[in-house]
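Visitor: Spelled out, the chains give:
2 protein chains.
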Amino acid sequence: MTEQETAKYVMFFGEGSKDMKGLLGGKGANLSEMTRMGIPVPPGFTITTEVCRYYYAHGEKYPEELREQVKKALERLEEKAGRKFGDPNSPLLVSVRSGAKISMPGMMDTILNLGLNEECVNGLAKETNDERFAWDSYRRFIQMFGNVVMNVSMELFHDKLEEKKKQQNVQYDYEISAEGLKELVKEFKGIYKQETGEEFPEDPHQQLWMAIEAVIKSWNNKRAIDYRNFHGIPHDLGTAVNVQMMVFGNMGDDSGTGVCFTRNPSNGNKELYGEFLPNAQGEDVVAGIRTPFPISRLHEMFPGIYEELLEIATKLEQHFKDMQDIEFTIMKGKLYILQTRNGKRTGLAAVKIGHDMAIEGLITKDEALLRITPQDVEFCMFPRVSWENPKRKTYVENGEIKVAPPIGKGLPAGPGAATGIIVFDSDKAEKMKKENPDLSIVLVRDETSPEDFHGMVASTAILTIRGGITSHAAIVSRQIGRTCVVGSEASGLRIRKSNGEFYLVGKSGEKLKEGEWITVDGFDGTIYIGRLPIASIAEMPPELNEVLNWADKVARLKVRTNADKPEDTAIAFQFKAVGTGLARTEHQFFEKERLPIVQDMILAETEEEREQFLSKLLEFQRTDFEGLFEVAKGKPITIRLIDPPLHEFLPKEEEIIKHIEELKAKGDESEQLQKLTKMLQRVRDLKEANPMLGLRGCRLGLTMPGIIRMQTRAIIEAALNVQAKGIEVHPEIMVPLVGFPKEFKLSRKIIDETAKQVMEERNATIDYRVGTMIEVPRAALAPEEIVSGEDGAEFFSFGTNDLHQMTLGISRDDAGKFLPYYLEHGIIDNDPFISIDQNGVGRLMQICVENARKIRPDVKLGICGEHGGDPASIEFCHKIGLDYVSCSPYRVPVARLAAAQAALRDNQN
Amino acid sequence: MTEQETAKYVMFFGEGSKDMKGLLGGKGANLSEMTRMGIPVPPGFTITTEVCRYYYAHGEKYPEELREQVKKALERLEEKAGRKFGDPNSPLLVSVRSGAKISMPGMMDTILNLGLNEECVNGLAKETNDERFAWDSYRRFIQMFGNVVMNVSMELFHDKLEEKKKQQNVQYDYEISAEGLKELVKEFKGIYKQETGEEFPEDPHQQLWMAIEAVIKSWNNKRAIDYRNFHGIPHDLGTAVNVQMMVFGNMGDDSGTGVCFTRNPSNGNKELYGEFLPNAQGEDVVAGIRTPFPISRLHEMFPGIYEELLEIATKLEQHFKDMQDIEFTIMKGKLYILQTRNGKRTGLAAVKIGHDMAIEGLITKDEALLRITPQDVEFCMFPRVSWENPKRKTYVENGEIKVAPPIGKGLPAGPGAATGIIVFDSDKAEKMKKENPDLSIVLVRDETSPEDFHGMVASTAILTIRGGITSHAAIVSRQIGRTCVVGSEASGLRIRKSNGEFYLVGKSGEKLKEGEWITVDGFDGTIYIGRLPIASIAEMPPELNEVLNWADKVARLKVRTNADKPEDTAIAFQFKAVGTGLARTEHQFFEKERLPIVQDMILAETEEEREQFLSKLLEFQRTDFEGLFEVAKGKPITIRLIDPPLHEFLPKEEEIIKHIEELKAKGDESEQLQKLTKMLQRVRDLKEANPMLGLRGCRLGLTMPGIIRMQTRAIIEAALNVQAKGIEVHPEIMVPLVGFPKEFKLSRKIIDETAKQVMEERNATIDYRVGTMIEVPRAALAPEEIVSGEDGAEFFSFGTNDLHQMTLGISRDDAGKFLPYYLEHGIIDNDPFISIDQNGVGRLMQICVENARKIRPDVKLGICGEHGGDPASIEFCHKIGLDYVSCSPYRVPVARLAAAQAALRDNQN
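Those protein sequences? They're chains A and B, same order as listed. In terms of the working numbering, the first sequence opens at residue 653 and continues consecutively. In terms of the working numbering, the second sequence opens at residue 653 and continues consecutively.
Be aware that a few hints might be false.
Pairs count within a copy or across copies, as identical chains cannot be separated in the list.
As the list claims (entries may be wrong) - Below 30 Å or equal to it, Euclidean Cα-Cα: the simulated DSS-like pairs (lysine-lysine) are:
| hint | residue 1 | residue 2 |
| --- | --- | --- |
| 1 | Lys1330 | Lys1159 |
| 2 | Lys1304 | Lys1316 |
| 3 | Lys1061 | Lys1330 |
| 4 | Lys1339 | Lys1304 |
| 5 | Lys1163 | Lys1339 |
| 6 | Lys1165 | Lys1244 |
| 7 | Lys1268 | Lys1469 |
| 8 | Lys1043 | Lys1061 |
| 9 | Lys1408 | Lys1287 |
| 10 | Lys1304 | Lys1085 |
| 11 | Lys1394 | Lys1339 |
| 12 | Lys1531 | Lys1506 |
| 13 | Lys1149 | Lys1318 |
| 14 | Lys1339 | Lys1310 |
| 15 | Lys1327 | Lys1149 |
| 16 | Lys1205 | Lys1285 |
| 17 | Lys1330 | Lys1304 |
| 18 | Lys874 | Lys1408 |
| 19 | Lys1310 | Lys1149 |
| 20 | Lys1327 | Lys1469 |
| 21 | Lys816 | Lys845 |
No lab work stands behind these hints, which were simulated from the structure alone.
Using the sequences provided together with the hints, build the complete structure.
Guide: Written as C-alpha cells, this is what we have:
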C-alpha cells in the first residue's frame, strides 16, 4: 500500500462533498458540502473513517501521519476562526462528534465546548460579558467529557446539580448563580478525579485527543455492535470524527439564534417560515425561558442577515431539492448555518410541496411520487383536532387556551378525529340521528357486531372497549369512513352500569354518561373528555388530486374498492377507484325490513318454503345490485355471494330464551312463541365450536343451492335492468371460501345455469364473469384445478383477512390476548392483520399466483382483504404480479399512491 | 395391413394364456389359462377384442373372416362337448359373456342357456328327466335374452312371473309347476314379440349372433362409457365375447355342484374347505332350498372326484399363487371347473395365508407383505361380534339362533365390537366400574369433552349422538383402544330426557334406559339392542407377529405411538412401536386430584401465586414422566408441552352460574362463592370466538412462561431420576402450535435455560432434544428459520389434525354439517381427517420437508396426527421422506405393515 504515504486522514470542511459519506460519514460529508457551496458553516474538519479502520486493524494505533495532519487542520481552523485553541482571552472552542456513513442514533453523544479550562473560561466570560454563561458552558463540558469520554456516571453529576439547586433554593438549572456554577465546576472536577483517578485535563489538545479516541472507540462499544447487528450494518465501515468551531448567539445584541423552514411545514406554502430570538442560545428557546419571535422580526432587526438567510435558504433547497429545516446562529453580526436537513412537515404540506416542486421543475414527478408518503395522503383525507399546541394538547375555545383532558387510550382503528355525544346503543344512535341529522354521535360499545351496523352508520365515531384493529368495529369503520378507536380497556376505560344507567368510566374514576361530549382521535387512539374543535377536509386537495393522476400513469396495479352500498361505492369512484373488488351481499340482509325474511328463510323446513322466502329476498337484492350497477357506469363490480354462517342472522341464544320465558310467564301460547322455540332449536343446531372454520361461504351455498340461485338471479336481473337503460354493466360473481376445486365448479355450474335461464327469459345477454376468493390455504396451494377448464375461475381475489387467519392459525377476534404481547416482545415485527406476512402468507400467495398462471395465464388476480389499503402490502402485491388491489373507499387515494411507488421502486431495481 | 388376412379373430379356450388379457379380456384369458393347465373347464372360445375394435372402426361391420372362424370354433366346441347346437335330443347349450381387459362390472349381463328352443327344450327335459328344470331354463333364457339383447324391460317379465305365482297360489319361483312354466314361456315370448315386433328367434345360430352383437354393442352403451370416463379406462380397448358350453349339476345322482376354497377363509388353515350339493344347480344353493353338505361329504360320495378336485385345487393355488375360491359342477360323473378366483377371506385368514405361503416358498415374504392388507391387520387386533350368520345378523344364545335388532347406526370411529350396559354419565361410569371391575359399560353421551376422559377409560365402548370420526370421542377412543361409534343422530338415535330419566331412543321409538344392554359394532357403526356374544383376541396372532417382523426389515419409516400414559405406552411397545411420537401432558391435568390445582393456577392473580400452584403440579408431572421413561427403557419419548386453551380446564359458564345462584339462594357468603365469582369472570375473560385459533399451544407458554419452566423441570427431573436407576432416557420436548420462528426460539430458550439449571442442580446431564409440531400452515410454508441455528428445532412432527383444519379451513367439530354432504356428492373423494389431503395439505408438507432439509439436513421429521395410522397417509409420508409416523397404540401393527408396503411399492417403481 503506497496509498498510505499520501493518505489524507483529515479533510477540512469544504474539501469533501455530500457524496463522500463513506469516507467522511454522513455529517462530515454534509458539512463539507455546505462549505463548498459557500454556505457560512462554522469551520472545522473531519478525521476520516479510514483512521477508525486503521486504528482497529493495527492494534488500536493511529496512522503515523495523523497527529501532524490534525495539528495542521487545527491551525487552519484557528486561522479561519480568528481564535486560538487554549487562548485565555478569545479561546477557540470546538465540538467533537462522531459520524458514520449510516446514521446510528445513540451510538455516541456530542461533546460541546471542548477547549475550555480554568483560564479560558474567564476569557469567555469577559468576551461574552456573561460570567454565568461561561461557567455554565464549562460545567456542561466537564459533565459531557466525563461521561462520554471517561464513562463517569451521569447520575453523579446530576445528583450534585440537584443538591446545588436545593442549596440555592431554585427550581431550574438556569437559575443557579454564577457563583454556584463555579462551585459546581470544582465539584464536578472532584467527581471526575474520584471516578477516573486522574485530574480533569486542562490542556485543550489533550482534551481533543482524548475526545477523538473516545469517538473512535465508541464504534466498537456493545451498544453500537448490537445496533449494527440488529440493522445489518457492516462492522467494518468505521466512524469519522468531526471537529467544529463552536459559535454562540448570545454574545450581545448583534447576536441571535433561530430556526427556519424554506416552506411552510404546516400547509406547504412557499415562504420562509420560522422563529428567531436575539442575543440567545438555541437552548434558551428549547428551555422555554423566552418566547421566540416570528422570522419576520429578523427582517426588521437584521435586514441584511435576513436577506442573506433567504438567499441561503433558497440555495439549500435548490441544492438538496427538498424543503429544508435550517438552524442558524448570528454571532457578533455574522450569520452561521449550523445545520440543514429535510424538514418535517404535515401530510398536507408534503403533498403540496411535492406537487409544487415537481411543477417548478425542481424534482421530477416520479421523485414527487416517491417522496410523498402514503401517510401524507392519509393525513390529507381525514378531519383532525385543531390543536393550539399539539404537543401540549391545548386548544382554543372562545379565545381561551384550554388543555384537553384525556380519559383513555385505545388502538387507532379508523383514522380522523371526531367529537360527539356518547350513545351506548345502536338503535338509539340511529333514532337520535334521524330526529336530529346535525347531531354528532360517538357510539360506545363493548364491541360491535353486524347488528350494530346501522348505529355505526349513524355515528361520527365509534369507540369500543374490546377488540383489535381488525375487529368488526375497526373493519367496518374503515369501510364506511368512520373515526374509530378500539380496545380502550387496556387503558382502563370501560363501560359500567350503575343504578340502571350506563357510564363510560376512566381509569381514575372519571364518569361520563350518555349524552355527554367526548372527542376521539383516530390517529393516535386518544379519547378526550369534552368537545374539541375538529378541522375537516371536505374533498381531496387539488394538489393531491393532481399528484394521484400522475400516480395512475406510472402504477401497474389498479385500485378497486371494497364497498357494499351505492353511497360508499360512489365515494370510492370519486376517489377514482376503477371498480369494486368486493361488494358483500350479506350486510344488506341485516336491514330492518329484511332480517325477518332472512330468518324465516333460515327456519324454513322444506325447500318450497325456503324458496318462497328467497324469492322475497330476491326483490331486495335486485334493487341493491341495480344501485351498484348504476353508480358503476360500466366499471366492473365484484359481488361476493353470501359468506357468514347463518347463525349470525339469528338472535343470540340467551336473547331467545329470555324472550320465550317472558312469553311463557305471561301464559302466552301464541304463534310467536312457537316460532321462537323453533328459532331456539335452530340456533342451537347452528352453534359451532369454531364458526370461522364452519358452515359458511360456498359450503352454505352448496348445501343450500337455493341461495346461490337467488343471488345469481338478482345479479343478472339487476344487470339486465340497468343495461336496458343504456348503462354498461360488468358484474363479476365471486364464490367465497373455496378450498376444493369441485366446490368452485359446482357453485359455478349453479351460477351459469341460473344466469343462462334468466338471460333466456329476458332474451338478452350480460357479460359476466365468475371467480373465487382465495382465502383457504388449500386453494392457494393447489389452484390449478380451480382455474382450469371452461368451468374454471376467471378471477381470483385474495381474501387476505381469512387467508391470514387460517395460515397463521390466528383468529383475529381472539388475537388480542397474545398478538400485542408478540409485537411488544419482538416475536413478530408487524401486525399481520395490517401488513401482509410476506414470508409466510406471502409465499403462499406467490405459490398460488405461479401455479394459477401456469394453467390460465389470463386469470385476473387481485386482493380484497384489509391489506389492500396497506402500502407495504400493496408493494408486495405489485411484486408478485397481481392485477389489482381493492380497499375501503377512503383508502383508495393512499392505495393509488402506493401502487405508483411500487412500480417506480420496481423500475429502479 | 396384411395382418388381417391371417388374423385370428376367434381363439379356442387353451389357445391363449392369462397374459393375453388385452386380446381375450380378463375372463377369456383366465379360462384359456385354466384349459392350458389341463383343468377340466367346460369348453368354449373367445371372440377377441380385435373384433370389437374392428366393428367400431368399420361402421359397425365385422371382419369378413369372422363368420367362418366362429363357425369352425362352434364345430370344435360341439365335438368337444359331444353335443350339437340345436340338437333336439342332446342340445349344446352355451353361455355368452362379455369380457374386457379391465373388469367393468355391470357393463353387460350374462346370457345363459343359449341354444334352447321349442324343440331342444323337450330334449333337455328328457335328458335331465326334469321337465320343470328344462322349461325353467328356457323361461330364464327368454327373459335374459329379451332383456339383455333386445332391451325388453325386465319388469314386464317380472310382473308376469308374479301373476303366475298368484295364479298358482305359491310363494317362490321354484314352486311354479312345469305346466305353469310352459305357459310362462309362451307368455314371455308374447311379451318379446309385443316389445320388439319380432318373433323370439328359434334358430340357435341366430340367437348366438344376436347375442354376440349385443355384447359388442354394449361396449359403447352410456353406462359403459360413463364407467370408463369415471375410472379413466381408455375407450379403444374393446370387449371380447366368450361362448362357453353350459354344464348342469342336476342331471341325476352322478351330478352335483359345489364351491370350495383351497384354504379355510375364516382362519387360514391349509385344508380344502367348502360346500357340496349332489344333483343340484348352483342356484339351488343360493336360493336356500336345500342345505349344502360340507365338502367332506364329497369325499364320501365321490371319492374319485374329490381326489381330482383336491389335485386341481392344489394346482390352481400353486399356479395363481393365492388361495382360490373354486366353483365346480359334476355333470354325469364328470368334474367341471367353472371358475377360479382369489378367495375372499377374513383378516385373520389373510395374515395366516400370507405368512404360510411365504414360509412354504409359494410367494416371497415381500409378496406376502404386499398381499396382506392393513385392514386385515386391523381385523386381527379387535374383538368382534360372533355372528352365526353375519349377513342375516343372527347369533346363538343358549343354543338358539336369534336375530339381533339394530336400534341405530353411526360412524364407526373406534374399531372392535363391545357389549355393555348403558351409562349416560362419566362420573357414574367411573364409579360403577370401580365398584364392579368386571362390569362392561357403554358410555352414551351427546358428545364427549376432555372431562369425560375418566368415564371413557372406565367404559368398554363409547357411543356419541353427535360428532364425526375425528371428534374428541373418536380420537380418544382410538387412542385408548375403545370401541366407538359417533354421530348416531343421523340414524335418529338420540338421548331424551323423560320424567327426569335419560333414555336412549331409537328412530322407531325404542327406548332403552340406563343399565340396559346394548352392543356397539365399531367396524360398521351399528348399535344393537341387547347383549350379543363378542369374540375378542387377546394378543397378536403369532403369524401376524412374524409377518410384522418381516415388515420392519423392509420399512424405511419407523413407527412410533401417540400415548400419554405408561399403560398405553406399554401396549404400543408390546406392538413394537420404536418410541413415543406424541405424549400429551394435559390429559393428566384433568385427573381428579389435579384439576383443582390447575384451576387455582389459572385463577392466580400474581406470578408468585401462580408459581406456587405450578410447583404443586410439578410433583404430579414429574411422576407422570418417570412412568413414561421407565416403560420406554431408552426409547425416545416426545413430550408435547401444554396445548389446549385454558378455559378447557375450567367448568362451563352455565355450570358456574348455576352453582353461584344455588349458593346465593342459600344466603351463602363463603370463600367458595368468591372463588366461583372469580372463576366466572376468568371463564368469561377466556371465552374465545374460535378457540382452535386462539390462545393455546406455545402462545400460552410464551405469555405464561412459568408453565414451560414447570413442564421442562418435570421432564428433566424425571429423566434424571430414571437415569439414576440405570435406565437410558431420551426425552424429546415438543413445542406446539409454532407459526413464527421466534415463537419456537423463545420457547426453546426457556426450555434450555430450565434444563441447564436442573442439570446443574443435580450435577448430571440428560440427552434431550427440542423440536416442534408443524400444525400451523405458516410454519410449514417457512420452516427455514425454525430449524436454523443452534437454537433451531431438532425435529418436526406434523400435527396433521390441526394442519388439515387450518389448511382446509375446516373445523372438524363443525364439519358434520357439510363434510358428509361433500363426500356423498363427490365434492371430495376422501375424508381429509382420515387420509391426508395429498394434493393440498400434502403439498404443504412437501414444501416444509424440502425447505427444512435444505437448512438442516438431519432434522428428524415425523407425523403424529390421527393420519399416522392411515395406510394411504403412511405411504404418502414415506414418499415425501419422513423418518417416522406415530399413531395410537392399537394402530401400531397396521402402521408397521403399511410402512413396509410403502417401501416395497417405492422399490417397485
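Visitor: For every hint, state whether the structure bears it out.
Guide: For each hint, the structure was consulted:
1. Lys1330 <-> Lys1159: between (44 Å within a copy, 21 Å between copies)
2. Lys1304 <-> Lys1316: Close inside one copy (18 Å) and across copies (27 Å); limit 30 Å.
3. Lys1061 <-> Lys1330: between (43 Å within a copy, 26 Å between copies)
4. Lys1339 <-> Lys1304: both (10 Å within a copy, 16 Å between copies)
5. Lys1163 <-> Lys1339: So lysine 1163 and lysine 1339 pass the 30 Å test across copies only (27 Å; inside, 37 Å).
6. Lys1165 <-> Lys1244: within (28 Å within a copy, 47 Å between copies)
7. Lys1268 <-> Lys1469: between (43 Å within a copy, 26 Å between copies)
8. Lys1043 <-> Lys1061: Intra 16 Å, inter 72 Å, cutoff 30 Å: intra-copy only.
9. Lys1408 <-> Lys1287: within (22 Å within a copy, 65 Å between copies)
10. Lys1304 <-> Lys1085: Classified as within: same-chain Cα gap 26 Å, cross-chain 40 Å, threshold 30 Å.
11. Lys1394 <-> Lys1339: Result: close within a single copy only, 26 Å intra versus 35 Å inter.
12. Lys1531 <-> Lys1506: both (17 Å within a copy, 25 Å between copies)
13. Lys1149 <-> Lys1318: both (28 Å within a copy, 26 Å between copies)
14. Lys1339 <-> Lys1310: both (18 Å within a copy, 21 Å between copies)
15. Lys1327 <-> Lys1149: between (32 Å within a copy, 23 Å between copies)
16. Lys1205 <-> Lys1285: Answer is within: at 22 Å inside a copy they meet the 30 Å cutoff, but 72 Å across does not.
17. Lys1330 <-> Lys1304: both (13 Å within a copy, 25 Å between copies)
18. Lys874 <-> Lys1408: This pair counts as between: shortest inter-copy Cα distance 26 Å, intra-copy 72 Å.
19. Lys1310 <-> Lys1149: both (20 Å within a copy, 22 Å between copies)
20. Lys1327 <-> Lys1469: The answer is between: 23 Å across copies meets 30 Å, while 38 Å in one copy does not.
21. Lys816 <-> Lys845: This pair counts as within: shortest intra-copy Cα distance 19 Å, inter-copy 129 Å.
The structure is consistent with each of the numbered hints, conforming to all of them.
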